[in-house]
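Peer 1: Read off the chains here:
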Amino acid sequence: AQSVTQPDIHITVSEGASLELRCNYSYGATPYLFWYVQSPGQGLQLLLKYFSGDTLVQGIKGFEAEFKRSQSSFNLRKPSVHWSDAAEYFCAVGVGGATNKLIFGTGTLLAVQP
Amino acid sequence: EAGVAQSPRYKIIEKRQSVAFWCNPISGHATLYWYQQILGQGPKLLIQFQNNGVVDDSQLPKDRFSAERLKGVDSTLKIQPAKLEDSAVYLCASSHPQVGYGYTFGSGTRLTVV
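Keeping their order, the protein sequence lines are chains A and B.
Residue 92 in the numbering used here sits at position 92 of the first sequence, and the numbers go up by one each step.
Residue 24 in the numbering used here sits at position 24 of the second sequence, and the numbers go up by one each step.
These are computed hints drawn from the structure, not numbers from a lab.
Possibly wrong hints are sitting among the right ones.
Computed from the model, here is a short list of chain A residues facing chain B with C-beta under 10 Å [unchecked claim]:
| id | residue |
| --- | --- |
| 1 | TYR27 |
| 2 | GLY41 |
| 3 | GLN42 |
| 4 | LEU44 |
| 5 | ALA87 |
| 6 | PHE90 |
| 7 | LEU102 |
| 8 | THR106 |
Model, not experiment: these values are computed from the prediction.
Where a beta carbon is used, it is the ideal one built from N, C-alpha and C, also for glycine.
Using the sequences provided together with the hints, build the complete structure.
Peer 2: Listed below in structure tokens is the structure:
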């Protein structure tokens, strides 16, 4: 069955420090992978997505993610975190077909220290 | 362009009462989704519409949940009767069928069942 695991429930980083959020997926075929961000009281905003091609994907707000098939991972990175990046981050896999259904991980809550 | 509109933003009801949520998708988006996001979990797809037809409702608890999308535009999601475990944020999203996984999420309705 398809699934997404985000091992870190909560991460705290200092402003200006680098960030890596982990994501592992389980899916039989070539996955469509996504990272979304959710600020309090807001909907989900797409940061970046991977469909095929270059395994290093650039997104909005200075985020990037790297697809590693051998590790079934799609980790999100940012070289220098800003206080406004504090939010909850969700990794998701698209199960394809006609439905374009997304299966989400449980999320990682990011806190940024001044 | 205008985003996905949802109302109400918040709702508190007693268990066994009924409740309805409304969603207005982005104009021209034929596909509409309802996701349930329980605290501490990632969003889970409840139902997907393509125009006014149901594509996937495999995760919808049909004994108490119902949804409709009249005229292929607005949608309502109803719970009757509500249980404590229905407390969650209900997210509506829409997408253009020609754009793979081109979701736009609304801000959600936070339901508390007491």
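Peer 1: Next, verify each hint and record whether it holds.
Peer 2: Now the hints, each set against the structure:
Interface restraint check: A/TYR27 against chain B, minimum CB-CB distance 14 Å, threshold 10 Å, status violated. Given the 10 Å rule on beta carbons, the hint for A/GLY41 holds: about 7 Å separates it from the nearest Cβ of chain B. Given the 10 Å rule on beta carbons, the hint for A/GLN42 holds: about 6 Å separates it from the nearest Cβ of chain B. For the restraint placing A/LEU44 at the interface with chain B, the shortest Cβ-Cβ distance is roughly 4 Å, inside the 10 Å limit, so the hint holds.
Contact between A/ALA87 and chain B, as hinted, is not supported at the beta carbon level, the nearest pair being about 14 Å apart and thus beyond 10 Å. Residue-level restraint check for A/PHE90 holds (minimum Cβ-Cβ distance to chain B is 5 Å; threshold 10 Å). A least Cβ separation of about 7 Å between A/LEU102 and chain B falls short of the 10 Å threshold, and the interface hint therefore holds. Annotation: A/THR106 was flagged as interfacial toward chain B, and the flag holds, the nearest CB pair being 5 Å apart, inside 10 Å.
Against the hints set out earlier in the document, violations occur for numbers 1, 5.
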